[in-house]
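Participant: Sequence order for the protein chains is D and W. Sequential numbering of the first sequence, starting at 1, is according to the numbering used here. Sequential numbering of the second sequence, starting at 1001, is according to the numbering used here.
Calculated directly from the structure, the hints in this document are not laboratory data. Hints are not guaranteed to be accurate.
A partial selection of chain D residues facing chain W, derived with a Cβ cut-off under 7 Å [stated by the list, open to error]: (1) Ala-4; (2) Phe-7; (3) Pro-18; (4) Ala-110; (5) Pro-160; (6) Phe-166; (7) Phe-224; (8) Thr-261.
Treat the numbers as computed from the prediction; the structure is a model and nothing was measured. The beta carbon of each residue, even a glycine, is placed where N, CA and C say it ideally should be.
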Amino acid sequence: MKNALDFQRYVRRLQRDPHQALAVAGLVLLASIWLIPIAWIVISSFKPEVEIQTLGFRIFPVNWTFQNYYNVLIRDTAAVPVVRWFWNSVFIASSTTALTLFVGSLAAYAYSRMQWRGRNVIFWFLIATMMFPPVINMIPLYKIVDELNWIDTAWAMVVPASAGVFNLFLIRQFMIGIPRDYDESAKMDGASDWKIFANIIVPLSKPVLTLVGLFAFTGSWNDFLWPTIVFNRRQNLPLTAGLQLLQGIYDIRIAHIMASTVVAIIPTLLLFLMAQKYFLSGISISSGVKG
Amino acid sequence: MVSKGSRVGIIPVLFFGPHLLLFLVFFLLPAFSGILVAFTRWNLFSSPVWIGLDNFREIFFNTESTFYMQFWNGMSNTFRFVIMTVPPSLILPLLLAAFLRSRPPGFSFFNAVFYVPTLFSISTVMLTWINMFHRRLGPINVGLNLDINWFGTQPYTWIALVVITVWWVIGGNFIIYSASMADIPVELYEAADMDGANGIVKFFAITLPSMKHPILFTTVTSTIAQFNLYGQPLMFSRGGPGQSTYSMMMYIRELAWGSGASIAGIAAAMAVTLGFFIMLVSFAQLWLMWGPRTKEIGV
């Protein structure tokens, strides 16, 4: 729909086809309902706690206030370190992304553009392990992380996360598709593997590296169970896991819970806005939609 | 050492080595050990004691044991959840995508509305919805004029968990279905129009058959995801009312890292069993999708 004329034509089409019009109306209704939870927490976060407790159900606040946000972000930071959790997540997710991209692209290069004995065997073994359910790994992994003295540190999340095969697989598939001419001419000029990798292949792989970066980042950010196992001190928790504690701490102070949730949601949405193009195209690639 | 594509040299090792090392230590080793631990009695700190199949015998057959109750309760709750959640999370986005196939005005808007929830983490989703279901102050009871205690009465707790989960996940499947529907040649639909076919006929005769791969893929990924059910019942009602929504994953976590001594052996046995079912689903995908087509992946 590029302009008003298109829209008019569409409305006229709907007028001629009542079934279609009904379905469209239903869809609009569904979409509105879909948004209600989000709208609800945003609006409620501006209600004074007192109002909620005494006035019963109201859609909009009588007196809009920023007090809840102030409390969450400034006053209550010892008991509810939401901002600290946020920065923990930023650090952990960024480090995970960096490590995953680094070891993943190096390995993908080896599996796609280098010849060495055992290459295919090892690669297909790795692929086979992708089916293995992570639930079985949890208990020994905890012990390993404990032995390394990584409990309560970011390492416990960053390092195991980069050991996965899925991201490696994506990068390798992409690199397979890069034409060999680049390597050939570079090799004839005497370039080393590292030079070819860093100066030619990596820049050409930007699309898949961006995609994998997003997967790694959001995967780490959204991790819920593992952080509660490896972190002991409340201050060190990343955001997603830390939010579990809100109900216990704020209890019936609903507006504060709302405000904290909004604070947690905003960075994710910003990420979405910035990376929309890559997110949407990325999902098609990895799901094999082309059949 | 020859610099041109070393066949036996150390250079490839420098490239694939780091990842492989991480993989061996942080994936393969725990994977093997995770299975072994299921055959031991262990509290995570002193040495594990080999007890063979005792853990499995206990959780599968020993009706006197708490772990038996937990195992069967957890497995049935998790299975129940998978059966309740996966079909709507596949069918609803399929219908939506089919309806929006013609990309009417506002398509980007709908796209975004359904997709945004998938970007929320599980805890923000739960915090968002817990207040929606508040008995006195939540829009659901107030808006529909109900007085249901969603957190303490079945089947309402299950209903709430399914609603929340579907709200959260359908965006991902919607995007996948939309994208693959866009690849179906428009001519097929135009030909059907000329024959006077209506929307329903077109859906079953053209759309659905062209969607075999994405439907298979999303069925498998959705199923596996829901087998790992943990955050929703935990944050909604702590596995309640009673332990009626306590998932298998919750029991595993409680036994291995809950208060008191760790019962890692039993937890591992439960994990292995849960993992077995997840692997069945994965194997099915592997065979159905890639089995006959390994050539295409560039072996």
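Participant: Could you run down the list of hints and mark each one as holding or not?
Facilitator: The hints, checked one at a time:
1. Ala-4: This hint is violated: Ala-4 (chain D) lies away from chain W, its Cβ roughly 10 Å from the closest one there, beyond 7 Å.
2. Phe-7: 6 Å, holds
3. Pro-18: 13 Å, violated
4. Ala-110: 4 Å, holds
5. Pro-160: Given a least distance of 4 Å, the restraint on Pro-160 (chain D) holds.
6. Phe-166: Since chain W brings no Cβ nearer than about 11 Å to Phe-166 (chain D), farther than 7 Å, the hint is violated.
7. Phe-224: 5 Å, holds
8. Thr-261: Check passed: Cβ of Thr-261 (chain D) comes within 4 Å of chain W, closer than 7 Å.
The structure fails to meet hints 1, 3 and 6 from the earlier list, while all remaining hints are met.
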